[in-house]
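Residue numbers (our numbering), protein chains in the order written: chain F, 318 to 896; chain H, 25 to 134.
Think of the hints as simulated: they come from the structure by calculation, not from any bench.
Keep in mind that the hints are not guaranteed to be accurate.
[Stated by the list, open to error] Computed Cβ-Cβ distance ranges for the label pairs, DEER-style:
#, chain 1, residue 1, chain 2, residue 2, range
1, F, Ser508, H, Ile40, 39 to 45 Å
2, H, Arg79, F, Asp542, 45 to 51 Å
3, F, Asp575, H, Val97, 17 to 23 Å
4, F, Thr518, H, Leu56, 25 to 31 Å
5, F, Thr457, H, Lys39, 55 to 61 Å
6, F, Gly410, H, Val97, 28 to 34 Å
7, F, Lys433, H, Val97, 27 to 33 Å
8, H, Gly76, F, Asn577, 45 to 51 Å
9, H, Arg79, F, Ser690, 32 to 38 Å
10, F, Lys755, H, Glu59, 46 to 52 Å
11, H, Val63, F, Ser508, 17 to 23 Å
12, H, Leu46, F, Arg443, 49 to 55 Å
[What the hints assert, rightly or not] Residues from chain H that keep clear of chain F, each with C-beta distances beyond 10 Å, as calculated:
#, residue
13, Gly28
14, Arg30
15, Ser32
16, Ser35
17, Leu38
18, Cys44
19, Phe51
20, Gly52
21, Leu92
22, Arg100
23, Gly103
24, Ser104
[Claimed, not checked] In silico DSS-like links for lysine-lysine, alpha-carbon gap of 25 Å or less:
#, chain 1, residue 1, chain 2, residue 2
25, F, Lys549, F, Lys614
26, F, Lys641, F, Lys676
27, F, Lys431, H, Lys39
28, H, Lys82, F, Lys362
29, F, Lys676, F, Lys614
30, F, Lys349, F, Lys360
31, F, Lys431, F, Lys419
32, H, Lys82, F, Lys441
33, F, Lys500, H, Lys82
34, F, Lys665, F, Lys765
35, F, Lys433, H, Lys39
36, F, Lys362, F, Lys441
37, F, Lys500, F, Lys348
38, F, Lys481, H, Lys82
39, F, Lys497, H, Lys82
40, F, Lys829, F, Lys774
Glycine included, each C-beta is placed from N, C-alpha and C at the ideal position.
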Amino acid sequence: MKRSVLLSTAISFCFVIVLLRLGDLMLLDHKKLSEKGENQYQKLKDLDIRRGLIFDRRGRELAMNLDVDSVFCDPSKVASPKSAALHLSNLTGTSYTDILKKVSAGEKQFVWIKRKLDGDTAGKLRAYKGPDSKAIGFVTEAKRVYPKGTLASHLIGFVDLDNKARAGVENSYEKDLRQKGGKILVEKDASGKVLSHGADTELWGNNLVLTIDEGLQFIAERALDEGMEKWKAEAGTVVMMDPHTGEILAMANRPTFDPNRPGSVRPEAVRNRAIMDLYEPGSTFKLVLAAAAIEEKVFSPGTRFDCTSGSIQVGGRSFHDVHKNGVLAFEEVIQKSSNVGSIQIGLKLGYERLYSYAKKFGFGELTGIDLPSEARGRLTRPEKAWGTSIAALSIGYEVSVTPMQVLRAYSAAANGGLLPAPHVVREVRSPGGELLKKFEPDLIRALKPETAARLKKILAMVTEEGGTATLAAVEGNRVSGKTGTARLYDPRTRRYSGEYMSSFVGFVPVDKPKIAMIVVIKGAKGAVYGGVVAAPVFRDIAERAFAYMNVPRDDMEDNNLVYLGGDYGVRETPRWDRN
Amino acid sequence: MRAGMRDSMLSYTLKIVVCCILVSGIFGIVSLRAEIRHVEYELGALQWELGGVLRERKDIMAERAALLSIHTVGQRAEGSLGLEFPDRSKVFYVKRDVGDIPYEASFRQK
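So here's chain H without its partners, still in its complex pose:
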């Protein structure tokens, strides 16, 4: 009789545990799916933000390329900075047999 009661209690407990596992499993799956959806929304928002940033980056890169164009640099250099295009006829004259160091270098030939 005691064995019978014990069996009956075990069976009852088992049923409750199984039900709990099933129910928590179902809730767990639903919760995970909701979490995934939430992450997808967040990623979507971040992707939208990324799109905006990349668009801005393209604008900046294009502006940089235009500012660095040799035409623009040349105009600024020759205009307000008063620079001249390199004259390759100006070279250092250095004697072949230099003798003792230090060397002297000059734009003008002695």
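Just chain F, same shape as in the assembly:
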């Protein structure tokens, strides 16, 4: 009896000790021990940031992401730096000296050898089993690719090695395309292997749907290349826009660059001349003069302008016509682009009124296009104008504009007097394809509808017989437009150089314009007139674009033609999601 009591007591005592220890571990030290345990089997992993995709208006991919290998080295594990550097240099094609410097930094544990390798190089490095191969490791990184190469490169932009935007919509929509980073908690076992967490480790940005059409962009770029090649020009720009909505259908600049090779991009090639280059528009500015003259009724119908002398004196300075004209009607002054006639109209208007109409057309202001680094342009205020300013402004000098501003002004004439807000992004969609934002047309009244209608007719005369831009005429459709030939001002010498900006801006068809477009060629050799250099480029683009868009001819009824074929539009439902 005594022994059994003793035994029971001893056993009970042991159980009590065990229970007390359990209590200590599970209740008193619970928090500390639980944290220690978590540190051993849990870790925070950075989410992989993926930029959103960029599509054209028909769902074709313009910017995508690939997963590529980047190779790093742990210098603290390198036994023979020179040998390792030699092998790595041969395999990656990088400078031996640079790599030797990195692998010799013994105190570091991580140095990049080369980032974002191509498939072949990565394969060779992974297969390398030579000396110090255990010091080499790989990290998967996202690489931005532009599958269409140089197409629309200025508009799309590009990113640097760290996928940070540098130009174009990549830059202006950075907040939509790239989400802020985050971390995810993952579990790992004793060997460090990550167990399934069931969550997506990629954090995708939103997708962009642009207003441009790959087909129209290709047509514009090809015609611009042909024009530049023919006239051995220094630079060129084409912008095509829907005049009713402000949607940019194509935007081409030369010189251009390949966004897939950001390291080899030259600054002058990256320049988006359509919105950054300022120039004196020359005769294309006569749209403003004509609009002001019509709305202000500064002359009665039937007024004729004597341009027989071929020159006019204003403020002690002489202004000339390129060709001698006779006595011209108001419409003919524009059709034949007579400087003498234009200055006579300008003198009747006065600088203040002409200035106010220039402001109505948006000159001297940003267009607000959703691209970075847009130039505002310059328009001399009336109080700063001097003796010859009214004459100069009447013929498009003493004012600096961008091609985008000029196109926008002509779009107002095309659509009944409303100034559109140009934009290059149509929609923002979530990674799953859900519509988040849709950009609606934004229009401001600049002219009366009847003024716009009259301007359309006058500008149509420019491309007909007797006009300065017969080479812009499109077979089957009437074109309204204006040529511009302006000397280039050199700010270094403060004089006009021998180079010219040759331009043509217009819209077609006249009655229901489908496209408004501007072509600007800088430094053409062999010819300088806008009607000779830029107008044929306009025609080539318009004809091919209308074939692509299936736009019917204006003379269908007259020639008993029947329109065959569907409307221009999306033939299949595009997919906007990343999968």
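Starting from the known structure of chain F, arrange chain H on it as the hints suggest.
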């Protein structure tokens, strides 16, 4: 006395059953946890495989987009296939008052 013996046997049996339930319960929990771990490992391996497949898919999609670029298609069409850009001046001429069917259609106006 018989009742006492019966009670004692019942109590003994009950204790054994309870112990068995407890022990099997503990083993069951341990087994389930091991099973969950095993599934997590398998899912981890599948996720790794999925990552590889998705990476390959991205490569293919990018290659497809590049091959379908209008520049590439245009070069092939105009180059080796001898195709031309559509000429919109070529349309069917169809008379307005067609008369009896069947209709005739032609690229050339009669």
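Verification of the hints:
1. F:Ser508 with H:Ile40: 39 to 45 Å: 42 Å, holds
2. H:Arg79 with F:Asp542: 45 to 51 Å: 36 Å, violated
3. F:Asp575 with H:Val97: 17 to 23 Å: Between Asp575 (chain F) and Val97 (chain H), where Cβ atoms are some 19 Å apart, the hint holds.
4. F:Thr518 with H:Leu56: 25 to 31 Å: Since Thr518 (chain F) and Leu56 (chain H) have Cβ atoms about 27 Å apart, the given range 25 to 31 Å holds.
5. F:Thr457 with H:Lys39: 55 to 61 Å: With Cβ atoms ~59 Å apart, the hint holds.
6. F:Gly410 with H:Val97: 28 to 34 Å: 32 Å, holds
7. F:Lys433 with H:Val97: 27 to 33 Å: 28 Å, holds
8. H:Gly76 with F:Asn577: 45 to 51 Å: 24 Å, violated
9. H:Arg79 with F:Ser690: 32 to 38 Å: 35 Å, holds
10. F:Lys755 with H:Glu59: 46 to 52 Å: 50 Å, holds
11. H:Val63 with F:Ser508: 17 to 23 Å: Because 18 Å falls inside the window, the suggested range holds.
12. H:Leu46 with F:Arg443: 49 to 55 Å: The hint (49 to 55 Å, Cβ to Cβ) holds, given that Leu46 (chain H) and Arg443 (chain F) are roughly 53 Å apart.
13. Gly28: Holds, because the least Cβ-Cβ distance between Gly28 (chain H) and chain F comes to about 21 Å, which exceeds 10 Å.
14. Arg30: 26 Å, holds
15. Ser32: 18 Å, holds
16. Ser35: Label holds. Min Cβ-Cβ 18 Å, cutoff 10 Å.
17. Leu38: 21 Å, holds
18. Cys44: 21 Å, holds
19. Phe51: Phe51 (chain H) clear of chain F: closest Cβ-Cβ about 20 Å, beyond 10 Å.
20. Gly52: 21 Å, holds
21. Leu92: 7 Å, violated
22. Arg100: 14 Å, holds
23. Gly103: 14 Å, holds
24. Ser104: For Ser104 (chain H), whose nearest Cβ neighbour in chain F is about 18 Å away, the distance exceeds 10 Å, so it holds.
25. F:Lys549 with F:Lys614: 44 Å, violated
26. F:Lys641 with F:Lys676: Violated, at roughly 32 Å.
27. F:Lys431 with H:Lys39: 70 Å, violated
28. H:Lys82 with F:Lys362: 23 Å, holds
29. F:Lys676 with F:Lys614: Holds, at about 19 Å.
30. F:Lys349 with F:Lys360: 17 Å, holds
31. F:Lys431 with F:Lys419: Roughly 11 Å separates the two Cα atoms, so the pair holds.
32. H:Lys82 with F:Lys441: 21 Å, holds
33. F:Lys500 with H:Lys82: 23 Å, holds
34. F:Lys665 with F:Lys765: 21 Å, holds
35. F:Lys433 with H:Lys39: 68 Å, violated
36. F:Lys362 with F:Lys441: 28 Å, violated
37. F:Lys500 with F:Lys348: 23 Å, holds
38. F:Lys481 with H:Lys82: 20 Å, holds
39. F:Lys497 with H:Lys82: 22 Å, holds
40. F:Lys829 with F:Lys774: 12 Å, holds
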